[in-house]
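Join these two chains into a complex; the hints should help.
Respectively, the protein sequence lines represent chains R and H.
Here the first sequence stands for residues 48 to 352, where the numbers follow this note's numbering.
Here the second sequence stands for residues 696 to 888, where the numbers follow this note's numbering.
Calculated from the structure, these hints are not laboratory results.
What you were told as hints is all true, and nothing was included just to trick you.
What follows is a list of derived Cβ distance ranges for each label pair: (1) R:Val282 x H:Phe740: 35 to 41 angstroms; (2) R:Lys79 x H:Ala877: 40 to 46 angstroms; (3) R:Arg248 x H:Thr850: 39 to 45 angstroms.
Sample of chain R residues at the chain H side, in silico, Cβ under 10 angstroms: (4) Arg66; (5) Met111; (6) Gln252; (7) Phe293.
For each residue, glycine too, the CB sits at the ideal point set by N, CA and C.
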Amino acid sequence: MSEAKHTFAFYLGCIAPNRYPGCEAASIKAMKKLGVDLVPLKGASCCPAPGAFGSIDLNVFYAMAARNLVLAEQMKMDIALLCNGCYKSIWEVNHKLKHNKDLKDGVNEVLKELDMEYKGTINVYHTAELLYNERFIGVQKVRDSVTNPLKGARIAVHYGCHLMKPHKDREFEKESMLNTEHPTWMEELVAALGATPVEYRNKMQCCGAGGGVRGYDIVHSLDITNEKMINLKEVKVDALTDICPFCQLQFDRGQIEIKEKFGVTYDLPVLHYAELLGLAQGMSPQDLGLDLHGISCEPFLQKVL
Amino acid sequence: MVRKKGYPEALEKKLHDQRYYREDSNPEFLPKVKAISRTIAHMCFQCGTCTGSCPSAPRSTYRIRHFMRRAVLGLENEALTDPDLWLCTTCYSCTDRCPRDIAPTDVIMAMRNLAFKRDIIPVNFLKTVQAIYSSGHGVPNNDVNRAARERLGLTRDPPTTHMYPEYVKGIQKILDHYKLKANADRIVKEREG
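Next up, chain H with everything else stripped away, as it sits in the complex (with noise of 0.2 angstroms):
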């Protein structure tokens, strides 16, 4: 994907050695990943005051950094692939710090969502989906907490989809209409039978 400027032809060669897709990068990831982050990932010129400001950096391999150069570079599968992608806590603190106005945790939110296409998604992410097709909540009620409810002077269920599970049918056309309940289960099945 060199850029073309009308310049002389050596010239040219010149340029296209400053672009840096090789033949594992595909020059589309950088503009899908703005498109969903929203945010002006191409900016970032490896400053690092990401993994600097990164809780997750200092017990593991994860560097936000390198993300960032991922999505600049285009390398799509080696980011998409990369199990620390799932390490980020989206504390903003990078986002929070970023000199040029980058929002970093976006660019991950958005390769996690990339991800997902390709089905690469850890379970629990899907079993939280599951929860609230079937009850609005991703941390359901139980009974010891009904109880204790009770006694604090609340509903047994608070007044929520719990409450009123006829509000569950419109959960759960959003999750049909973008056939996520279809593909978390199918997902959950082929990993766990």
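Isolated chain R (complex conformation) (with noise of 0.2 angstroms):
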């Protein structure tokens, strides 16, 4: 389609290559026919997972993010990402940087050793971001871009925690993503693919398994999951689309979980906005490896194919 006007370095994570590599092929094929070519970011590793890392030493997650941020810097480009906790962490840590000398001089005093140094040159990007903000691509060039509309799909948003809190802290060009209590501008690019997005209570309520609590304590985890699944069931959706394959995965497998440990059985289908955006531009589920999902997406597949 058109020709790809901005590149990034598209920083991957753990989860999403390594669970659901969906995310990351529709990611790039979707934003290529959207004018954004995403670029591998070579040798990049774990963002370090906020919770985890963060919780143990903070010197130590700085440092580890730094050295993913001055893997992009080496290159010149920009980082764009498609998960929330990566995005706490990289662009986080380079806010912070660029705006504390002190812990900037602290982490390039270890990346010495690793022969680099954190200059504080690039952004960070989340990929809804880009599909939102009409700087990059825009809604109605989702819009156009789609080829096969999701009709008749009921579709509820989890926004996830770690892109837009704490607001103060942000920075979107947008100003709609500034809003934390009651945002819809994920809606408004659910219904650019032809889905009708479906509110529903506490939207705005963790998934349950950030800041090592998934790890410390499955089952008080799972029930913080399992009160938006109840919220969810009340409004009868079809799919739930997230921005965050750890929220994916905690809604997905944590489904299985859920009923394991509780008996409860949702069936929700859970799929990353990169891989709606793939199916409603013409991609196949085989092209996004949904049969990896836990919850099978054939009932919402059925629905829109």
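If you want it as structure tokens, here you go:
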């Protein structure tokens, strides 16, 4: 379609490439159609997981995230990523290091051992932000790229936490992305695909996975997820969409664990927005690896294909 | 730790009562928490907006407001040894809503950092460190996923440290700089033998 106007170093994180590779494949293909080239960020690692690493030693957290940032600085490219947790690490550490000389100096002292230096020359974006911001793509272009509208599908949005919260620290160009109490920008993106976005109770609640809680106390973590599932059941949706593979893991694999531990079945398909976008642009479920999902996407696919 | 302002002795004595430190409190705790968290923890006026916003509170005894109070009062032992410290999902709802612009989430993170210095840490956190030390990823690739990636037209391993393991060395240098791997190995061994 259109020629690429923007190029980003594509930071993958862990769960997207290693558990839901469809998110990665769909992002690359779908964004290319929208004029955004995502090129590999060679040698990137875990962001590192903000809950796990931040809890142990924030200095290690800063240094590890800075290493990923430096890899992109060396490519002279801004970073695009597809996970809220990664956004928290990569965007926020970039922001902190740019504004706190003591932190920057501390990080560079460690990076010296790797022959690296953090300079603070690049910016970090979430792909959802690129899709929503017309400086890069915008809702209209997303709508125009749809060849297979997801007509008749009722889709709820899980925003997740770490992209937008705390809004006081965020610097989104789009004002509506700073609303963390009742945002609707993702619903606009869902509607652009031809689907019907659906509101539900306590939409902005956490999925329950973060902060190391999923590993520390799985029942506590799933109980939070279960509350969201109850609220979603109330509004009878065909699918839940997210913009964070870790939230996706918690809702998708989590439903299997909820069944085992609490004896409740929901069977609600959970898809990353990139996967939805891929479907709407005509990618097949096979191209998206939807068979890798813990909860079958079939009922949803039958409705939209 | 009485605030000395050169008041007459009687007034000093009265002000002493306004300071909350007891024998089990550590006046250094609050400054430490503030330095690590980079937030104005002392400004908390205990309104409870944080606990009201917390997804963990309704299903446990975890009360973020309680931890904020412990920070201000210097109740270091009480805070760091409370297992509820690890129930924060770091959703940042409290931080998002705090009317005093404090980041209670970051106060929790700072307390967890201080707890780790005393070897107080759930073992799952350390296993993430071990995974990243060996592969660069907290959630590493596996054979089922490699086959799936190939089917999707992706490389079997993502172009991260997985495809370029020579980059893992840099990560190991960072973790070794802070002795994190050695400490993780030691604590995991002590717990699990």
